[in-house]
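Colleague: With the sequences and hints as input, model every part of the structure.
Line by line, the protein sequences are chains A and B. Residue numbers for the first sequence, in the working numbering: 1 to 359. Residue numbers for the second sequence, in the working numbering: 1 to 359.
The hints are simulated quantities; they were obtained by calculation from the structure and are not laboratory data. Keep in mind that a hint or two might mislead.
The list cannot tell twin chains apart, which means a pair is met if one copy fits it or any two copies do.
Said to hold, decoys possible - Here are the simulated DSS-like pairs of lysine-lysine, each with C-alpha atoms no more than 25 angstroms apart in a straight line:
1. LYS293 <-> LYS17
2. LYS44 <-> LYS175
3. LYS270 <-> LYS93
4. LYS238 <-> LYS274
5. LYS176 <-> LYS143
6. LYS70 <-> LYS205
7. LYS8 <-> LYS238
Chain by chain, the residues run as shown.
Number of protein chains: 2
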Amino acid sequence: MLYEINEKALKLESEGKKIIRLNLGDPDMATPPEIVEAAYASMKAGNTKYSSSYGEKRLREKIAEVHGVKAENVVITPGSKWAIFSTMFLTLKNGGNVIIPTPYWTAYDLIAKSFGAQTKLLKTELKDEWKIDLDKLDSLTDKDTKMIILNNPNNPTSKVMDTETLDGVVEIANKKGVTILSDEVYGAISFAKTKSILDYDGGCKHILSNGFSKTFTMTGWRIGYLIANKMLIDNITKLNQITFNNVPVFIQDAALKGLELHQKIASAIKAKYKQRADLASAKLSAAGFKFTKPDAPFYVFPKLDGLDSEKFTLELLDKGVAVAPGTSFGDYREHFRISLTAPDDQIETALDKIVEAAK
Amino acid sequence: MLYEINEKALKLESEGKKIIRLNLGDPDMATPPEIVEAAYASMKAGNTKYSSSYGEKRLREKIAEVHGVKAENVVITPGSKWAIFSTMFLTLKNGGNVIIPTPYWTAYDLIAKSFGAQTKLLKTELKDEWKIDLDKLDSLTDKDTKMIILNNPNNPTSKVMDTETLDGVVEIANKKGVTILSDEVYGAISFAKTKSILDYDGGCKHILSNGFSKTFTMTGWRIGYLIANKMLIDNITKLNQITFNNVPVFIQDAALKGLELHQKIASAIKAKYKQRADLASAKLSAAGFKFTKPDAPFYVFPKLDGLDSEKFTLELLDKGVAVAPGTSFGDYREHFRISLTAPDDQIETALDKIVEAAK
Numbered sequence: 001m002l003y004e005i006n007e008k009a010l011k012l013e014s015e016g017k018k019i020i021r022l023n024l025g026d027p028d029m030a031t032p033p034e035i036v037e038a039a040y041a042s043m044k045a046g047n048t049k050y051s052s053s054y055g056e057k058r059l060r061e062k063i064a065e066v067h068g069v070k071a072e073n074v075v076i077t078p079g080s081k082w083a084i085f086s087t088m089f090l091t092l093k094n095g096g097n098v099i100i101p102t103p104y105w106t107a108y109d110l111i112a113k114s115f116g117a118q119t120k121l122l123k124t125e126l127k128d129e130w131k132i133d134l135d136k137l138d139s140l141t142d143k144d145t146k147m148i149i150l151n152n153p154n155n156p157t158s159k160v161m162d163t164e165t166l167d168g169v170v171e172i173a174n175k176k177g178v179t180i181l182s183d184e185v186y187g188a189i190s191f192a193k194t195k196s197i198l199d200y201d202g203g204c205k206h207i208l209s210n211g212f213s214k215t216f217t218m219t220g221w222r223i224g225y226l227i228a229n230k231m232l233i234d235n236i237t238k239l240n241q242i243t244f245n246n247v248p249v250f251i252q253d254a255a256l257k258g259l260e261l262h263q264k265i266a267s268a269i270k271a272k273y274k275q276r277a278d279l280a281s282a283k284l285s286a287a288g289f290k291f292t293k294p295d296a297p298f299y300v301f302p303k304l305d306g307l308d309s310e311k312f313t314l315e316l317l318d319k320g321v322a323v324a325p326g327t328s329f330g331d332y333r334e335h336f337r338i339s340l341t342a343p344d345d346q347i348e349t350a351l352d353k354i355v356e357a358a359k
Numbered sequence: 001m002l003y004e005i006n007e008k009a010l011k012l013e014s015e016g017k018k019i020i021r022l023n024l025g026d027p028d029m030a031t032p033p034e035i036v037e038a039a040y041a042s043m044k045a046g047n048t049k050y051s052s053s054y055g056e057k058r059l060r061e062k063i064a065e066v067h068g069v070k071a072e073n074v075v076i077t078p079g080s081k082w083a084i085f086s087t088m089f090l091t092l093k094n095g096g097n098v099i100i101p102t103p104y105w106t107a108y109d110l111i112a113k114s115f116g117a118q119t120k121l122l123k124t125e126l127k128d129e130w131k132i133d134l135d136k137l138d139s140l141t142d143k144d145t146k147m148i149i150l151n152n153p154n155n156p157t158s159k160v161m162d163t164e165t166l167d168g169v170v171e172i173a174n175k176k177g178v179t180i181l182s183d184e185v186y187g188a189i190s191f192a193k194t195k196s197i198l199d200y201d202g203g204c205k206h207i208l209s210n211g212f213s214k215t216f217t218m219t220g221w222r223i224g225y226l227i228a229n230k231m232l233i234d235n236i237t238k239l240n241q242i243t244f245n246n247v248p249v250f251i252q253d254a255a256l257k258g259l260e261l262h263q264k265i266a267s268a269i270k271a272k273y274k275q276r277a278d279l280a281s282a283k284l285s286a287a288g289f290k291f292t293k294p295d296a297p298f299y300v301f302p303k304l305d306g307l308d309s310e311k312f313t314l315e316l317l318d319k320g321v322a323v324a325p326g327t328s329f330g331d332y333r334e335h336f337r338i339s340l341t342a343p344d345d346q347i348e349t350a351l352d353k354i355v356e357a358a359k
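Modeller: What follows is the structure, given as structure tokens:
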């Protein structure tokens with residue numbers, strides 16, 4: 001229902017209705033001007049032609065340096081979504097199953113279903129602070145399991161996995177010969193220390209997907225990347241050649257500028273979202289909602305006993321606030337997801353409306 | 001071998017070697033400055049966020065106006081390649097076959113194979129002026145045929161289908177309930193009058209894919225579109241949501257500017273490529289190559305009796321000229337494809353080297 005809510009919100013806006021949009025992880029801040037200027041300079045320099053489906057060498061090398069891998073282990077994608085789609089498609093199109101802990105980002109499940117792959121959902125719960133039960137994971141992993149997807153920090157809970165649990169997941173995956181795809185798109189702006197899947201081996205045994213959207217406020221630019229073994233990178237590149245061909249080079253140059261300014265941009269974003277997370281936590285706690293306090297931008301995933309979040313979300317949209325129902329993230333009817341991605345005053349107004357509507 | 005040649009050419013260039021690249025349909029001219037400025041203005045105006053997976057309303061409406069359809073029949077894609085991939089994926093992923101006349105654009109066959117769809121190739125030949133044999137098409141179309149792909153004007157021959165043949169193909173498709181996907185990406189800059197698949201019915205019974213790359217020298221911007229019935233448009237939009245999400249809005253605004261300046265830009269491009277096609281035709285004819293004179297940009301597909309075009313292409317690349325072997329377009333070992341997409345003096349040099357190498 002996540003995408004339907006968004007299209008409905010866009011439609012209401014096009015009809016002139018004012019909607020506070022807390023339904024997507026799309027930051028309200030503008031893309032930093034240095035990044036915009038870098039794109040413009042690159043366009044004017046003529047970087048407007050077809051290019052390599054691997055991505056530009058200069059960007060792959062910079063990303064490789066950031067993550068301590070080789071450039072041959074990096075492919076540039078139109079958003080981290082394509083990094084995830086292409087990896088799942090190539091790994092699962094001929095059968096097998098994928099284990100997805102819930103609550104999950106809606107796209108994982110929709111992607112698997114789009115080519116008929118079997119998904120096995122592994123439920124985690126608020127009362128366990130969203131920890132994966134390793135025994136359950138072990139018994140769910142069978143001979144047809146090709147992949148485990150981690151989202152760390154997690155969307156929608158903004159929870160960072162503790163090291164012990166992550167160690168345990170990697171151990172199970174290695175023992176059973178299953179690949180982990182770790183979506184770490186919120187990792188670089190996390191408030192808490194986040195261990196990366198790449199910390200486990202230098203040889204890209206597992207897979208990292210990441211993007212520029214969240215760290216650099218570049219959601220609409222559609223640029224991300226995948227780090228994996230060279231064979232998968234080569235196969236994704238072949239898929240890129242027959243689908244979108246390449247991310248525009250001027251967008252890759254804009255992303256490169258972002259990486260060069262990483263420290264400055266990421267700290268400002270972190271500080272802003274920490275402040276918003278604190279505000280939301282205070283208001284929601286006071287109103288009796290239950291949740292884990294965010295370890296990272298942008299989300300809170302509160303629970304209210306007895307809530308029907310689909311009904312609640314639609315009613316709230318009519319009152320001018322868009323959030324996402326918990327059912328979009330798995331079996332979480334009593335939860336809903338708030339994205340703290342609007343100007344501060346709007347967030348405050350929206351939180352008040354949410355508290356009011358939930359009474 | 002088309003993509004391998006390109007990656008090899010890029011590699012040779014990165015090693016400092018000078019390559020005249022006539023292997024891709026990537027115009028040497030820069031994107032018109034008005035289009036670059038429109039993108040920059042849109043970026044600065046903050047159009048850098050997630051947006052609808054259908055594409056922007058203003059662009060869909062303009063495209064609908066150009067083609068005489070409704071905006072609901074239009075979806076914006078990252079290049080016409082994605083329009084084609086997504087259509088074929090949704091139509092053929094659960095089985096069935098697709099008929100592809102040859103010579104064909106490499107991507108059609110690679111796309112079908114990427115999800116295991118069966119392709120039935122229908123060979124056309126230079127001696128018949130590349131006309132489709134309607135009886136052969138009729139007998140090739142069976143109960144499992146889901147789609148016929150037309151590429152009109154054709155890549156690699158630059159031949160425009162004559163009206164009688166196109167009428168015949170449509171009649172067979174309608175009789176047998178098969179959908180035609182007509183890739184008309186060279187249509188707007190054709191030298192000869194080109195009938196569109198949309199001329200056959202107002203209700204989008206068949207499917208048109210098109211792009212901005214060729215008409216507006218925007219290859220590297222990755223923007224195209226599909227015109228089809230609303231149900232397919234809705235389903236492609238759902239696939240867009242889980243793959244790349246949306247074409248950057250500032251790129252859509254750049255494309256819109258292109259459409260506004262269509263007359264001016266397209267006539268300049270047509271004139272330039274007509275002149276190059278005449279030059280190439282004269283030089284190649286004089287040297288004994290056989291081919292049909294181009295009806296459209298950008299290609300010539302000459303034949304030399306007894307030629308092994310794969311060997312020839314690799315040797316030519318070592319001499320600094322990249323072209324594409326005929327085998328990349330089907331069973332055409334004696335042909336190769338020249339893209340007239342380099343500055344005039346380079347084309348002249350390259351043609352001389354080609355003539356020399358073929359002796």
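Colleague: Is it within, between, both, or neither for LYS70 and LYS205, if the alpha carbons may be no more than 25 angstroms apart?
Modeller: within (13 angstroms within a copy, 49 angstroms between copies)
Colleague: If the cutoff is 25 angstroms on CA atoms, where do LYS8 and LYS238 land: within, between, both or neither? Let me know, please.
Modeller: Result: close only across copies, 14 angstroms inter versus 36 angstroms intra.
Colleague: Since the copies are identical, ignore which copy is meant and state whether LYS238 and LYS274 lie within 25 angstroms (CA to CA) inside a copy, between copies, both or neither.
Modeller: neither (40 angstroms within a copy, 33 angstroms between copies)
Colleague: Have a look at LYS176 and LYS143 and pick one of within, between, both or neither, based on CA distance no larger than 25 angstroms.
Modeller: So LYS176 and LYS143 pass the 25 angstroms test inside one copy only (8 angstroms; across, 44 angstroms).
Colleague: Which holds for LYS44 with LYS175 at a C-alpha limit of 25 angstroms: within a copy, between copies, both or neither?
Modeller: So LYS44 and LYS175 fail the 25 angstroms test inside a copy (52 angstroms) and across (51 angstroms) alike.
Colleague: Check LYS293 against LYS17 for me: Cα-Cα at most 25 angstroms, and say if that holds within a copy, between copies, both or neither.
Modeller: Classified as neither; 32 angstroms inside a copy, 57 angstroms across copies.
Colleague: Treating 25 angstroms as the Cα threshold, decide for LYS270 and LYS93: within, between, both or neither.
Modeller: neither (38 angstroms within a copy, 43 angstroms between copies)
Violated hints, in rising order: 1, 2, 3 and 4; the structure is consistent with all others.
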